[in-house]
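4 protein chains.
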Amino acid sequence: MVIVLQPKATENDIEIVVAKIKQLGLEAHISKGTERTIIGIIGDERKIQREQLALLPKVENVIPILKPYKLVSREFRKENTLVSVDGVNVGGNEIVVMAGPCTVENEEQILSTAETVKSCGAKILRGGAFKPRTSPYAFQGMGEDGLKLLRKAKEKTGLKIVTEVMESNEVELVAEYADLLQVGARNMQNTKLLRTLSKIRKPVLLKRNFSATLMEFLMAAEYLLAGGNDQVILCERGIRTFVEYTRNTFDLNIIPVIKQLSHLPIIADPSHATGKSDLIMPMSRASIACGADGLIIEVHPKPENAVSDGDQSVRADKFAQLMNDIRPIATAIGRTIAI
Amino acid sequence: MVIVLQPKATENDIEIVVAKIKQLGLEAHISKGTERTIIGIIGDERKIQREQLALLPKVENVIPILKPYKLVSREFRKENTLVSVDGVNVGGNEIVVMAGPCTVENEEQILSTAETVKSCGAKILRGGAFKPRTSPYAFQGMGEDGLKLLRKAKEKTGLKIVTEVMESNEVELVAEYADLLQVGARNMQNTKLLRTLSKIRKPVLLKRNFSATLMEFLMAAEYLLAGGNDQVILCERGIRTFVEYTRNTFDLNIIPVIKQLSHLPIIADPSHATGKSDLIMPMSRASIACGADGLIIEVHPKPENAVSDGDQSVRADKFAQLMNDIRPIATAIGRTIAI
Amino acid sequence: MVIVLQPKATENDIEIVVAKIKQLGLEAHISKGTERTIIGIIGDERKIQREQLALLPKVENVIPILKPYKLVSREFRKENTLVSVDGVNVGGNEIVVMAGPCTVENEEQILSTAETVKSCGAKILRGGAFKPRTSPYAFQGMGEDGLKLLRKAKEKTGLKIVTEVMESNEVELVAEYADLLQVGARNMQNTKLLRTLSKIRKPVLLKRNFSATLMEFLMAAEYLLAGGNDQVILCERGIRTFVEYTRNTFDLNIIPVIKQLSHLPIIADPSHATGKSDLIMPMSRASIACGADGLIIEVHPKPENAVSDGDQSVRADKFAQLMNDIRPIATAIGRTIAI
Amino acid sequence: MVIVLQPKATENDIEIVVAKIKQLGLEAHISKGTERTIIGIIGDERKIQREQLALLPKVENVIPILKPYKLVSREFRKENTLVSVDGVNVGGNEIVVMAGPCTVENEEQILSTAETVKSCGAKILRGGAFKPRTSPYAFQGMGEDGLKLLRKAKEKTGLKIVTEVMESNEVELVAEYADLLQVGARNMQNTKLLRTLSKIRKPVLLKRNFSATLMEFLMAAEYLLAGGNDQVILCERGIRTFVEYTRNTFDLNIIPVIKQLSHLPIIADPSHATGKSDLIMPMSRASIACGADGLIIEVHPKPENAVSDGDQSVRADKFAQLMNDIRPIATAIGRTIAI
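Chain order of the listed sequences is A, B, C and D. Residue numbers for the first sequence follow the numbering used here, so the first one is 1 and each next one is one higher. Residue numbers for the second sequence follow the numbering used here, so the first one is 1 and each next one is one higher. Residue numbers for the third sequence follow the numbering used here, so the first one is 1 and each next one is one higher. Residue numbers for the fourth sequence follow the numbering used here, so the first one is 1 and each next one is one higher.
No wet-lab data here; the hints were simulated from the structure. All figures in this text were calculated on a predicted structure; none of them were measured in a lab. Errors might be hidden in some of the hints.
Here are the simulated SDA-like pairs of lysine to any residue, each with C-alpha atoms no more than 25 Å apart in a straight line [as the list claims (entries may be wrong)]:
(1) C:K318 to D:K154
(2) B:K276 to C:K318
(3) A:K70 to A:S84
(4) B:K152 to B:E107
(5) A:K276 to B:A9
(6) B:K67 to B:K192
(7) B:K276 to A:P64
(8) A:K47 to A:S84
(9) A:K259 to C:S73
(10) B:K78 to D:R186
(11) A:K199 to B:E167
(12) D:K192 to D:K154
(13) B:K192 to A:S198
(14) C:K302 to D:A19
(15) A:K118 to A:E75
(16) D:K47 to D:N80
(17) A:K22 to C:V4
(18) D:K154 to D:D86
(19) D:K118 to D:T134
(20) A:K8 to C:V88
(21) B:K156 to B:E107
(22) D:K202 to D:R186
(23) D:K58 to C:P301
(24) C:K118 to C:V88
Estimated spans, in silico, between C-beta atoms of each pair [what the hints assert, rightly or not]:
(25) A:E11 to B:S112: 32 to 42 Å
(26) C:N80 to A:E11: 38 to 48 Å
(27) D:I339 to C:K70: 46 to 56 Å
(28) C:K58 to A:T336: 41 to 51 Å
(29) A:K58 to C:P64: 57 to 67 Å
(30) B:I339 to A:K58: 28 to 38 Å
(31) B:G158 to C:E115: 26 to 36 Å
(32) C:K78 to D:K8: 50 to 60 Å
(33) C:E27 to D:A175: 30 to 40 Å
(34) D:N305 to A:R74: 39 to 49 Å
(35) B:G158 to C:E75: 46 to 56 Å
Glycine residues also receive a C-beta, built at the ideal position from the N, C-alpha and C atoms.
Build out the structure end to end from the sequences listed, making use of the hints.
Take a look at the structure:
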């Protein structure tokens, strides 16, 4: 930390700050500039709170120097983390596609979609059984019956299963069925849920909240690693801005940034990020071009009949085209996508 | 709903849309303009999903006409709702001030703060026992021990208690101690928590998520009313924008807007909204001037020693000044604040 | 400036940075922490560019300590600046109201509005002669004819005149008629216009761009003061956010912040900020409650016939009510508004 | 337009709206729903202002149906517009790269950069002679001397020249030297500048303002086309959001959206959008993958000595690598980049 004093700070003010720093078990280093004095802290600043210094007299600003996250950082671990979703590796050279309907609606819908996406090269089936909905009057998901249909789809196709878990006391149930447990954007900072997930032996797909900063996103992942679960896949799914032509603003820039700062894999969700089926194709290509380790795409046999998110689903018969479209991009950057 | 067709839509395309509307149990009304045909729906559009029409051929746009919320709206209930917090009414002519530390830290801290804020005119004591923290390494609250200290403070001072509940399976526990249960900004759309709270006989303080639209905010309240609990107080606590000089952007504009659209009371939280203790005074005045039914303010005996949010806490000895400062504003608009 | 080095920086890397700092005519101060070395700069950092240091090897971050603005700061000038608009002082104890139509439309409209707002206590008449419009097909203002009508209104009522100037080569013309020259939000960073205005002997009303940070806003004012014109009134008129129920998000928080950091007066524009006539009253009260030195309000005899911005105009016959509504707020904080 | 009436609207209220519509020369079409009556307008709604109807009694909302832009739309012109920059076509199958320093600093700098970027496949040289700077104390560009150096670079290399023009009265001067006149982000809605540029015989590069909506961006282009200049290239260069790790948020999503709605070419500026040289490479790939017709990239021989924007410049010797990196992406989508 660097403490910047106000121009009018006296020797006595400086001494008060230095005394406080020593009392906190750290050392102080004073630099007197032409306009202001600044005081550097030597030692692990993460042990203290900035208010302990910021509220002292004549302190103008306290600037943290160290990053607040540790276990998720590249400095902590140099090599990319490979996350195994029941044998399917995410974070390696192969780009992994997850696909399926927003919501599990019935056996026919989920099985036929599973067959389609499997035949096109997807490795993981998505489908919601517990759904967070804006309206109390909207369908809230099939619950455990939905999970059972996902298991059936897995048995038929061999696809791995990713599905959302919404509360800590449902983690055990969902973990029985799912190979990858999704934390939805609205729950990114649900710390009780994160803690419970940090104790299980299954990987977690952590979606970025639509107003999360980079720091908050990485700190949410830090909860999982700090609790003992380092099998974490991050997911960018759009942020909230003033922009009116997409449901959210797909912030692809975070992908190369995460790749620099963290060893965790990151995938992209063009369906939720754009909210428009005709943008999924170009933005899937862009996601891969800038380094995403995978995609998660909403696919529905008949989007106009979907109980949710039909607007942003790819029709099953167009999904093959999407997969064919992204493969040359993967090749162009020296990566692969399964056929 | 109004369905706007593309300029190139044919008679046949129009018929397909009309047939779909009829199939959904509603009636269609066709207007052929000079450039586009639009089709109005007669009947309750809330029963259908916009994708059912938006994905039909040659449909350019589907525009909802009715608001998605019902029970929270002024149209549903003309008079202001009065929420009784164990006898303290929020939503009437008197402006109610809630005050106390971010986190309950120990008996001395909470009792002394309670005495102070009580003596200045606050009616409700705030204090966190279960804390949602960005960092897994930060203090997460005293839990039930904190709740017990809050009860002790109530016994000593007569102040009512507001405290946060973070998960549906803790609702019962927190409801034993609290007079008003707070849903934090990060949990505004935690639908399981909202559902559980909709079934209890205690009032709820629902804080706006920092990226919630007006519609999402009111729909979260609708969860509570739809489940049977109409004792709901809304709270504005800042939104996330590009602005760099406040922790969030305090969006006071929502206060008169909510007053127009809903019968529920709304209070303001200048501490979280601005994140700076020296902005709390002017923005408290502004909150009352534009119609807030109350304030919730962080007060701490020694902010520089607070375990959390010291930056945005008012020092206990300055709280009296704040209360004296806002009373003339209340008087100016014909309302009162207790002494 | 503080230069933070990467953990892997060697003695040699440190020497390179120090050498560069000395070459730039400044002194370096090294602090070796447990994880990182930081280097403080002694001397006026405003003389150098951060890239000169940020791009050196093993430099992780360069953090500026000094604020980039100087003449507009409270540190430069302790007392509030009083801006005289042809004898009407802005920035003193009296709150000054500016009012009038968005656009000057014809003689009858501007004269009748001027009489009305004058009789209610407004001191300055607003009205656009040169209009920046989003659409090329919209009315772009009466030009000099509009300015002449404003002069006639001044002669009849004694109101001072504020009107927008859009380009540097029109400054001379507009300055002939106006007592206060407005720089619109879209032109806040039009540096040629700011330079030209910095050389004239008339005061300037500088509106905040709807995506300007505090720093950018103050730096735009710094252009005016640096060129020699310190008669500058700032104006908050809403920022662009995700929020959907107001035209912009009225960011009142900047008012007390500016009061701390700068000696310049700041007024508020609830008409443009909210875009809704029924929000102008409560948000005018809030503006004054948090410290605004004045208001600028759109008033039109018949808003439904206005050629622009009718939505956000107060009907002339309701303006008296607005003025009566804000006076008790001014009184409550020890200020006055003319009758 | 569709006018939505309040639930309590009477027959008389409906008649008032219908009468107003007829008075405006249009026809009304009434649909009585179960909760609200809506009235559709038949005729060209662009002729009227929404306030003319929105402010009538009992009107709840007025929803525009037609888009406000016309000449820039795909409906107006089906085929892609090809913009010729002195013979270099933008908007065709070939992706065009523009590159060069932020600011023209001296002859050696601009000539050596020109040689480098030319040898790597760039077709157009960028370089600022008139610079809009946030600070009045920063270098504001070489002016006409800078333009002369750009001409010299053109003579030596054959590269075409793009440079910014900041005011209408400088258009003539800049047009003498430039092959493509850039309107900077801050001037996107400088209507006088747009009007002047609409009358010249040279193409215009219109950069999106960092808080412009899609509609505002297209309406700014509409100014150019409406005035007679249809040689317009759009450019995405980042929007302002809460995000902290990039200078702006590069909003690539607008690229496929513009391609759907407009016939104009659009290029991407990863330098300004991200503000970080190590993000330029991945985001350049992403830009091309989602359909950009070109790139504009800041290249400097020694970014650490650049007078501006060194942080976001690619070092000249790494530019070849960037070009080699994006070519396979162009190939993957069936387009080309010159060698």
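Results of checking the hints against the structure:
1. C:K318 to D:K154: At roughly 63 Å apart (the allowed maximum being 25 Å), K154 of chain D and K318 of chain C break the hint.
2. B:K276 to C:K318: violated, 37 Å
3. A:K70 to A:S84: holds, 22 Å
4. B:K152 to B:E107: Holds: K152 of chain B and E107 of chain B sit about 9 Å apart, inside 25 Å.
5. A:K276 to B:A9: holds, 21 Å
6. B:K67 to B:K192: holds, 23 Å
7. B:K276 to A:P64: holds, 17 Å
8. A:K47 to A:S84: Cα-Cα ~34 Å, so violated.
9. A:K259 to C:S73: violated, 41 Å
10. B:K78 to D:R186: violated, 46 Å
11. A:K199 to B:E167: holds, 18 Å
12. D:K192 to D:K154: Answer violated: K192 of chain D to K154 of chain D is near 29 Å, above 25 Å.
13. B:K192 to A:S198: Since the Cα atoms of K192 of chain B and S198 of chain A sit roughly 21 Å apart, the hinted pair holds (cutoff 25 Å).
14. C:K302 to D:A19: holds, 18 Å
15. A:K118 to A:E75: Roughly 37 Å between the alpha carbons, so the hint for K118 of chain A and E75 of chain A is violated.
16. D:K47 to D:N80: Violated: K47 of chain D and N80 of chain D sit about 28 Å apart, past 25 Å.
17. A:K22 to C:V4: Since the Cα atoms of K22 of chain A and V4 of chain C sit roughly 22 Å apart, the hinted pair holds (cutoff 25 Å).
18. D:K154 to D:D86: holds, 11 Å
19. D:K118 to D:T134: violated, 31 Å
20. A:K8 to C:V88: Violated, at roughly 35 Å.
21. B:K156 to B:E107: Holds - the C-alpha atoms of E107 of chain B and K156 of chain B are around 12 Å apart, at most 25 Å.
22. D:K202 to D:R186: holds, 21 Å
23. D:K58 to C:P301: Answer holds: K58 of chain D to P301 of chain C is near 20 Å, not above 25 Å.
24. C:K118 to C:V88: Since the Cα atoms of K118 of chain C and V88 of chain C sit roughly 13 Å apart, the hinted pair holds (cutoff 25 Å).
25. A:E11 to B:S112: 32 to 42 Å: Distance hint for E11 of chain A, S112 of chain B holds at roughly 34 Å.
26. C:N80 to A:E11: 38 to 48 Å: violated, 31 Å
27. D:I339 to C:K70: 46 to 56 Å: holds, 50 Å
28. C:K58 to A:T336: 41 to 51 Å: violated, 35 Å
29. A:K58 to C:P64: 57 to 67 Å: violated, 20 Å
30. B:I339 to A:K58: 28 to 38 Å: Given a distance of about 35 Å, which is inside 28 to 38 Å, the answer is holds.
31. B:G158 to C:E115: 26 to 36 Å: The hint (26 to 36 Å, Cβ to Cβ) is violated, given that G158 of chain B and E115 of chain C are roughly 57 Å apart.
32. C:K78 to D:K8: 50 to 60 Å: Holds - the Cβ-Cβ distance for K78 of chain C and K8 of chain D, about 57 Å, lies within 50 to 60 Å.
33. C:E27 to D:A175: 30 to 40 Å: Violated: the Cβ-Cβ distance is about 48 Å, outside 30 to 40 Å.
34. D:N305 to A:R74: 39 to 49 Å: For R74 of chain A against N305 of chain D, whose Cβ atoms are near 29 Å apart, the range 39 to 49 Å is violated.
35. B:G158 to C:E75: 46 to 56 Å: holds, 47 Å
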